[in-house]
Amino acid sequence: MLVKNLPLFKRPSFSAACTKSIKKYITKKLGEDWIFLILLGLVMALVSWGVDYASAKSLQAYKWIYKEMQPSIPMQFLAWVTYPLVLILFAALFCQLVSPQAVGSGIPELKTIMRGVVLKEYLTPKAFVAKVVSLTAGLGSGIPVGKEGPFVHIASICAAVLSKFLSIFCGVYENMHRQLDLLVAACAVGVGCCFGAPLGGVLFSIEVTSTYFAVRNYWRGFFAATFSAFVFRVFAVWNKDAITITALFRTNFRMDFPFDLQELPAFAVIGICSGLLGAFFVYFNRQVVLIVRQHATLSRFLTKYRLVYPGVITFVIASLTFPPGFGQFMAGELMPREAISSLFDNFTWVKHTEDPQLLGRSAVWIHPKVSVFVIILLFFLMKFWMSVVATTMPIPCGGFMPVFVLGAAFGRLIGEIMAWLFPDGILFDGFVYKILPGGYAVIGAAALTGAVSHTVSTAVICFELTGQIAHILPMMVAVILANMVAQSLQPSLYDSIIQVKKLPYLPDLGWNQISKYNIFVEDIMVSDVKFISSNCKYRDLKDVLQNTTVSTFPLVDSPDSMILMGSVERTELQALLLRHLSPERRLAREMPQKLIEASYDGHQWKHESFAFVDEDVDEEEEDKGKTEVVNIEVWEQEELEKKVCFSSCRIDPSPFQLVERTSLHKTHTLFSLLGLTNAYVTSMGKLKGVIALEELQKAIEGSTRTGVQLRPPLASFRDATQTSSGTPTTYIIIQHAMVLAWWGSPDKKCNQEF
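This note's numbering applies: residue 310 is where the sequence shown begins, and numbers increase by one.
Hints are computed from structural coordinates only; laboratory data are not their basis.
Treat each hint with caution, since some may be false.
As the list claims (entries may be wrong) - Computed cross-link-like contacts, BS3-like style, restricted to lysine-lysine with a CA-CA straight-line distance of at most 30 Å:
(1) Lys743 with Lys678
(2) Lys839 with Lys851
(3) Lys952 with Lys846
(4) Lys995 with Lys851
(5) Lys839 with Lys660
(6) Lys1007 with Lys951
(7) Lys660 with Lys678
(8) Lys429 with Lys839
(9) Lys851 with Lys997
(10) Lys376 with Lys366
(11) Lys613 with Lys810
(12) Lys811 with Lys549
(13) Lys613 with Lys366
(14) Lys429 with Lys613
(15) Lys975 with Lys810
(16) Lys846 with Lys951
(17) Lys1007 with Lys952
(18) Lys846 with Lys811
(19) Lys811 with Lys997
(20) Lys435 with Lys811
(21) Lys743 with Lys429
(22) Lys975 with Lys997
(23) Lys839 with Lys810
(24) Lys743 with Lys660
(25) Lys839 with Lys975
Could you put the whole structure together from the sequences, leaning on the hints where they help?
Next comes the structure, spelled out in structure tokens:
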């Protein structure tokens, strides 16, 4: 009866049991991928729509202020130049104060992060705020900057923040490999919600961020990108920007006969020329950045006065595009999206030079005294260098949309020339078919963006942006030709930025680099490896940490045997040394001794009613302080002579290993596939050297410090006959048994659990 009446044994109520079950169910569901992907897609759709809405209202205000200043030309010029100048300076200053990591595209850094390299402060909420606010200001200024690259960065930040939040409910999000898989989906979401193009977004994100792609992430990318693009377009309908869910730049090309086979040579010319122009765009962009950085005086000046560079560029671009001035000869009053819509229209401008009012907004391309060809050519040339220079400003900016506009202008120029050469159209099977210059513009846009980014998926993005696939064959031909030409001349824009910023990267091993296939790991590895032995002292540990800067150290059995047992992070060794020499440990050891030595006579000390100064007491206190310092130093020296116990240190028992005869080609494949940053080189379990991204990069680029000695083509077979039989050419050693045998031996003082 007593036990029954105790409240401790009271049965839980039905509501409490239901609450517990619901919490358990919610926690389980939050760990599933589709919940994370829906949240990511929803957040990115809201951000994309908000940025577009705010930038569109800003551009409307820009046009309204400009028109309100009529008929005063000086006041119009002042308004036309001041408005973008204020916004760009605000964007640059906001980035500098909040998060300098928000500057630029973001795709090059994402490529580096997805290779396993840690870049601090790139995936933080501060970078998100700086990126969104500054990007909105940049897009609302009318300066040729894009949003595709920054949105890939923004989506990755959202994925990282959501992972940290959901890790509270489900610990699986703390796994590094899981986070990298979610970053892949985030890149697809960034492109998908930017253009409302989920298919092209997934393919484009794979091409620009991954060398090898895990198929298991395919559905994640499509699911999140499709949901995000759908919500993004629904917001456009809700805001009455569109009647229904349609393409962003909808076209109305005829579907029955969109092009003739006789036009294929013109499409091929667009592809080849786009490849040359894309390579020159990348080269020009890199040279602008290098000139600014390598000129010492200019670099110091711009570092001290950071707003001068974006201010000068914005002022020059705005002045040249002023509509009553030089801008009237290059359709300067059109904003980027307006320019794309007009370049894609179905009208043939050559035939409407006398009645331009029929063209609607495209009438700005017609000038009474200048040919339409000259206007399009001037637009292309001026926007070309403006886009190159604008993408180097210290603000969040992408290169996709400016290059897309350039490609559309170049394709439109070729299309108008074809319409001028064949005014009556092309005769085929007794029927005459008119030439569609807008179709040429779409093909040019896909080809030039593909050449700059080294991707083929730009064709798919163009299909989704225009809502038609009538020109699928010529578009694919042009994009492939553009990629062939551009890849043979220059790296992609993102790889070029990686090289300029000197981020850790792994260059591609081209098929034409036959000599590189005859190089082995032993030719390029670093033999002087700083290591930690299992029987080392704390003094040795301190010396290694003070004299090196490497992030990971190999752990060997002893300096004599050099048997590789594992690897230890630098942070682990630093924490181990700090714990061993910590004041708490010293006090815990000294306190019992002090308590024993202290004498107690039964009387309690009391403060006297008067104070006195005694020089002898002061001297005694100083001597006592010096003695304590000496005692601490003596104690530390004694502790440093003790052997290190790795029981409280996390050790990787199976670091990635290669043998000396591993080929450069296989090493490159393994580094690319597994996202490695370094690997240890062993022979029969003994540590021989280490190879990192830097050595691999120099070997591929042919600039190793000592020079790679190339062997004759059949040297490997001759070497194999001279070596002992049974030695494989290339293999990966994982020494679990050896490691466990060593740590588990009874003669060791401290055992390590893995």
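Exercise for the section: Just pull the numbers of the violated hints for me, sorted ascending. Expected result: 5, 6, 12, 13, 17, 18, 21
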